[in-house]
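**Student:** For the record, the sequence lines run as chains A and S. Residues in the first sequence are numbered from 88 upward in steps of one, following our numbering. Residues in the second sequence are numbered from 88 upward in steps of one, following our numbering.
It is possible that some hints are incorrect.
Unchecked claim - Residues of chain S placed beyond 10 Å of chain A at every Cβ, according to the derived structure: (1) 157; (2) 191; (3) 203; (4) 206; (5) 212; (6) 231.
What the hints assert, rightly or not - Estimated spans, in silico, between C-beta atoms of each pair: (7) 177/A / 245/S: 27 to 35 Å; (8) 231/A / 262/S: 41 to 49 Å; (9) 95/S / 116/A: 38 to 46 Å; (10) 191/A / 288/S: 18 to 26 Å; (11) 228/A / 118/S: 33 to 41 Å; (12) 177/A / 96/S: 28 to 36 Å; (13) 257/A / 256/S: 32 to 40 Å; (14) 191/A / 116/S: 31 to 39 Å; (15) 146/S / 262/A: 32 to 40 Å.
Hint data in this document are derived by calculation from the structure and do not stem from the laboratory. Ideal Cβ positions, reconstructed from N, Cα and C, are used throughout, including at glycine.
2 protein chains.
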Amino acid sequence: MPDTDREKNHKQRMQRKKEVIDTRIAKADKNRGVLLIHTGNGKGKSSSGFGMVARALGHNMRVGIVQFIKGSDSTGEERFFKQFEQVSYHVMGEGFTWETQDMQRDKEVANIAWKQAVKLLSDNTFNLVLLDELNIALKSKLLDIETVIHDLQQRPEMQHVIVTGRGAIPELINIADTVTEMKLIKHAYTSGVRAQKGIEY
Amino acid sequence: MPDTDREKNHKQRMQRKKEVIDTRIAKADKNRGVLLIHTGNGKGKSSSGFGMVARALGHNMRVGIVQFIKGSDSTGEERFFKQFEQVSYHVMGEGFTWETQDMQRDKEVANIAWKQAVKLLSDNTFNLVLLDELNIALKSKLLDIETVIHDLQQRPEMQHVIVTGRGAIPELINIADTVTEMKLIKHAYTSGVRAQKGIEY
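Whenever a hint applies, use it, and build me the whole structure from the sequences.
**Tutor:** Laid out in structure tokens, this is it:
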């Protein structure tokens, strides 16, 4: 195919693509807070949530963050986001459930974290709430799912919520607006590369 | 199953999980810069990159960002990250390819953007380089893939690179360390909700 034909084809394809996208966008006309879920076994679930925190701060929005489960490393994002007064940052978890191996204790910790989450979810001055690793707490049955769904649905109309963590349960996916599965295609540790600062933590 | 049995089972499962994970981590002992790719049709490819930028800044790292393709909205992340002196932020694209519909012009713009990327990729004071939407430029053949791979592989040993955008080409996946596919499970616009500030842009 000569170059000019290729360019003409390209132009036509791009025009059709533009029409499809423009039509879809024109049809979406409601404004309200959305519930996003990032799940799956791949990278980027939490970091995408933190990227949206940065984006929201760029729009001068107020952001609440609750980390339900946290490794023993002090993380870069905690250090970074805690410096902003528009951010209310709460690290509640004491480690992964496979580190503590004590379900009763994990339940107590998760419920204290949920109480903190509810404070943010009932305060309409917060435009965005990130519930980091909440999926793991739900999947491990550390929290009552009906209470969680009720509290999420009672939140202010314009408040956005992002829930991260692998193993999102169907009940939560059901009430979510946007759900993304992060799928692992390839991971550096399989070629022997250690977790890298600024990338993994 | 009585509660105590369930808890014992849980404890055993978590112990096995901990062993598997600890063994894998112990085997990964190399330190070097990694090349990450975020691709797929789901949300979170760019925002996850920006979350890692935040994380890296929390570790006082220097970060370079090149946006290869950019919509007409001024984005929250641009406004946010441009305020940090450790960040070198370059918006090079002039819109999506289906907006411009002119391949020659898109090629010129992409190649100017790549020149900027090479400046960052040859400067070892940058610990992390985010090449946002580079995948789209490669998929649309706006850049020479062999040049791109060569320049990526010539970068400083400890420099991390994140490449985002749907449709990552096999040649790039091949040389990457960690690849994640963001899969769309559900999207708010299908239920008529507009793109929300702080979430979509």
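**Student:** Now look at each hint and say whether the structure bears it out.
**Tutor:** Evaluation of the provided hints:
Distance check on residue 157/S: its Cβ is at least 14 Å (rounded) from any Cβ of chain A, clearing the 10 Å threshold; non-interface status holds. Not every CB of chain A lies more than 10 Å from the CB of residue 191/S, the least distance being 7 Å, so the non-interface label is violated. No Cβ of chain A approaches the Cβ of residue 203/S within 10 Å, the least distance being about 21 Å, so the stated non-interface status holds. With a least beta-carbon separation of about 20 Å from chain A, residue 206/S lies farther than 10 Å from that chain, consistent with its non-interface assignment.
Residue placement check: residue 212/S keeps its beta carbon more than 10 Å from all beta carbons of chain A (closest about 14 Å). The non-interface label for residue 231/S is consistent with chain A: the shortest C-beta to C-beta separation is roughly 15 Å, beyond 10 Å. As the Cβ distance of residue 177/A to residue 245/S is approximately 33 Å, the hint placing it in 27 to 35 Å holds. In this structure the hint that residue 231/A and residue 262/S lie 41 to 49 Å apart at CB holds, the actual value being about 47 Å.
A hinted range of 38 to 46 Å is violated for the C-beta pair residue 95/S and residue 116/A, which are about 54 Å apart. As the Cβ distance of residue 191/A to residue 288/S is approximately 44 Å, the hint placing it in 18 to 26 Å is violated. A beta carbon spacing of about 38 Å between residue 228/A and residue 118/S agrees with the range 33 to 41 Å that was offered as a hint. For the pair residue 177/A and residue 96/S, the supplied restraint of 28 to 36 Å holds, since their beta-carbon distance comes to about 31 Å.
Remark: the range hint 32 to 40 Å for residue 257/A to residue 256/S is upheld by a beta-carbon distance near 35 Å. Look at residue 191/A against residue 116/S: about 36 Å separates their beta carbons, and that is inside 31 to 39 Å. Separation of residue 146/S from residue 262/A is about 36 Å and conforms to the stated range, judged on CB atoms against 32 to 40 Å.
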